[in-house]
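Chemist: One letter stands for each residue in the lines below.
Protein chains: 2
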Amino acid sequence: MLNFEFHNPTKIIFGKNTIKELDRLVGKQARVLIVYGKGSVKKYGTLDKVKSALKGRDIFEFEGVEPNPRYETLMKAVEIVKKKNITFILGVGGGSVMDGTKFVNLAANYKGEDKTDLLKGEYEVESVIDMGMVLTLPATGSEMNCGAVISYGDGKFPVKHNLSYPIFSILDPEITYTLPKKQISNGIVDSFVHVTEQYLTYPVGGIVQDRMAEGILLALKDIADKTLNNPTDYEARSNLVWSSTLALNGIIGKGVPQDWMTHVIGHEITALYGLDHGQTLAIILPAVMDIRRKEKREKIVQYGERVFDIKTGNIDEIIKATRGFFNSLGLKTKLGDYGIKEEDIEKICNNLIRHKRDNLSETGDVTTPIIREILKKAF
Amino acid sequence: MLNFEFHNPTKIIFGKNTIKELDRLVGKQARVLIVYGKGSVKKYGTLDKVKSALKGRDIFEFEGVEPNPRYETLMKAVEIVKKKNITFILGVGGGSVMDGTKFVNLAANYKGEDKTDLLKGEYEVESVIDMGMVLTLPATGSEMNCGAVISYGDGKFPVKHNLSYPIFSILDPEITYTLPKKQISNGIVDSFVHVTEQYLTYPVGGIVQDRMAEGILLALKDIADKTLNNPTDYEARSNLVWSSTLALNGIIGKGVPQDWMTHVIGHEITALYGLDHGQTLAIILPAVMDIRRKEKREKIVQYGERVFDIKTGNIDEIIKATRGFFNSLGLKTKLGDYGIKEEDIEKICNNLIRHKRDNLSETGDVTTPIIREILKKAF
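So the protein sequences, as listed, match chains A and B. The first sequence begins at 965 in our numbering and counts up one residue at a time. The second sequence begins at 965 in our numbering and counts up one residue at a time.
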C-alpha cells in the first residue's frame, strides 16, 4: 500500500425530504446565491423547495450553467457574488452545476486579475465563501470532493483545491426520479469508471481498497437495470446516488495508484464532438483495457473474477463483459457509433498534445503512439 | 436505505515514516500534552520519534492510561491540561489511549463540576483543545471517529461527542510490528465485529453499504493469518491498519440499522472478569448469531455466502465458520474457556440491567430473557 493522506470534511445529508434541512445548515443572515442549470430544477419544483427552505435569507439566483460548464458563463456568476456581497453559494444541480459552483467560489476569491490562472493551476486562494450543494443528478461525485472540470476554448481543465470541498451536500434520491433515462445511464457509467480509474492499475497490495472498489462496482451492477427501468424504485435509486458519491470521495483511491486516462481522452472527445461524458467513457475504457492488457493484467483478471464472475482470466472475455454492461444501459462503445471517423484520431491526439495531456496512465508512459492505438481500438 | 448524515472531519496520514509529519501538523507555539499508556511506546522508541518531531514546542507527558481506561486515571491528566495551559493534546497509543485522550479533552473543557456527567451523557461542551493521535495498535477505529469507552466503577460507559473527532491521526503500520500476537488477534476480531455490528441486522436495501462491509470482512480474512504470523509483512499489516479504521469511521454504517449487542454484552464481561475486549467479542458474536438466527436470517445467509463462500444458507455452518475464523487467530469462543461458570450468567444480566443496557439489538427487543439465552449459548 502506498503512503497517503485522506481528509474529506464534507457533511452528507442523505435521504427523503432532506432539502428542508437547508434551514438548519445555512446561516439565517446569509446572502445566498443559488447556482443552477437550464431550468429543470424549476420545472420539477426543486428550486421552489430550496427557496422555501431558505426563507428569510436574501436570495439571489444564477441560472444557466450549461453541461460542461464554461468559463465565460461562470464569470457572470462571479460578478454577482461580488456585486451582491454574497456570503453563501449553493449549487443545485448535477456535476456541471456543482463543478461550476466550486469554480465561481474560487474565482470570486482569487485576487489575481486573470481568472484563467485557475485553469492553469497557477493561483493561490486563501479563503472562500461558505458553499453547499443540493444534488439532482448522481454521477460525478462532485458533491463530496474538491475537484471540478471547467471548459474553456476547446479544452476541459481540471480545477482542484482543498477549499473546494462543499461544507455540506444534500442528497435526496427522490428528486432524481424525473431525470431522463439517458442521464441515468451516463451517471452509472461515470460512477463505474470513476472506480475503475482508481482500481484498474497495477497491484500495490491495497487489499481493502480493492475490495471496497469492487463492492461499489458490484452495487452499481446490481442496481443498474432496476434504476434505469424503474426510476421510482427507492432502493435502487438510493444505492445509485450513494454509490456515485462513494466512487469519488477519495475513500477507495487512497494508497493505490490511479490512472485517469479514460477520463482525459474522453474529455477531448466531448470537447471536440459534443458526446456526453458518460458516452465517451463507455467507449474509451474497453479500448484502454485492451491496449493496456499487459500493464493492467493482474487487476483486470481480478476485476473479471470478482465483478463479472469470469474465472478464466481471459481478458477478451472480461472486456466483452464490460462492453456488455455498458450496452445493457443503452450506451454504445465505439467511436464510429457517433459518426466519428478514423481520420479524427489525429485531431484528438493533437488536442491532447496541445493541452499537455500526452503523458497518461498510472505510470505516465502512455504517449501519443499508444493513445493512437487506444483510439484505433475504439472503432 | 435509511436517511442519514455523515460527517467525518479527521485527516488521516497513513504510511511509513509518517510520525515526522507531526512537525507540519502541530502549531509551532503549541503547548503539547502527550498522553500514552504503560510504557511500550517508550520501550520501542515511538515516544522518542514523536518528541523529536515536536521539537521546539513545550512538551508535557501523561503516562499510564491503562487498558479499558479508567475515569480516575484520566482525571489526573485533566489536571495537567488545566495547570499547564495545554493547547494541544496528542494521544499516542491504541484504543484505550485514544479513547482516554478524547475524554481528557472533553472533561477539561466541560464547565460542570462533576465530570462523571460525561459518562451519563448529561453535559454540554462548546469547544475543545486541538487534538491528534498517533496510532500504535489497530483495533478500535478510535483514530477516526468521535467515540470513546470509559471505565468507571464496575461499568464501561460510551462517551460520544461531535467535538471528539481527532483533527488528524497518524497511522504508521511499521510501528505496530512490535505488538504481541495476542493484541493483533484481538484487533482483528474487534475490527471484524465492528463491521458485523453494522451489517448483521435486517435488510433495508443498503446494497452498497453491504458490499463495502463485506469488502472489509474479506480483507480482514485475507490478511489475518499473514499479519499474525509474519508481523513485518507490510502489505498484510497496512491492510489490517486501514481496515480497522474503515470498519468504524462511519462509512459502512450510515443508512443501515446497527446492533451493538455483542459489544455491550462483551463490555460487561470485561468489566466483571477482565477478559480482553476482543476475547469477549469472539465469544458473544457466534452466540448472538445463533439465538438471533430468525431476526438476522437474511443478512447472516448473505454474509455466509459472500464472506465464507457458504452457499447452502445453513446458519449452523455459517456460525461454525465464524468460530473457526476466530479460533484460527488463537482465540477461544466459549465463556467456559476462561473459567466463567453458568451461574455467572445472572451476574452479567444483573449488571446489564443496572447499567440500563437491557434493551439491546437493532430493534431494542432483546431484554434479559433473550440475553440469558445468548449467554447460555456462549458455553
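It is worth saying that the hints were derived from the structure and are not from the lab. A hint or two may mislead.
Identical copies look the same in the list; a pair holds intra-copy or inter-copy alike.
As the list claims (entries may be wrong) - No farther apart than 27 angstroms at their CA atoms in a straight line, the calculated lysine-lysine pairs in the DSSO-like style are these: (1) K1305 to K1013; (2) K1015 to K1046; (3) K1305 to K1015; (4) K1007 to K1146; (5) K975 to K1124; (6) K992 to K975; (7) K1185 to K1275.
Source: prediction; values computed, not measured.
Chemist: Compare the structure with each hint and give your call.
Modeler: Evaluation of the provided hints:
1. K1305 to K1013: Classified as neither: same-chain Cα gap 46 angstroms, cross-chain 61 angstroms, threshold 27 angstroms.
2. K1015 to K1046: Within. Shortest intra-copy distance 21 angstroms satisfies the 27 angstroms Cα cut-off; inter-copy 47 angstroms does not.
3. K1305 to K1015: Answer is neither; intra-copy 47 angstroms and inter-copy 64 angstroms both fail.
4. K1007 to K1146: Within one copy only: 18 angstroms inside a chain, 62 angstroms across chains, cut-off 27 angstroms.
5. K975 to K1124: both (19 angstroms within a copy, 18 angstroms between copies)
6. K992 to K975: within (19 angstroms within a copy, 30 angstroms between copies)
7. K1185 to K1275: both (18 angstroms within a copy, 21 angstroms between copies)
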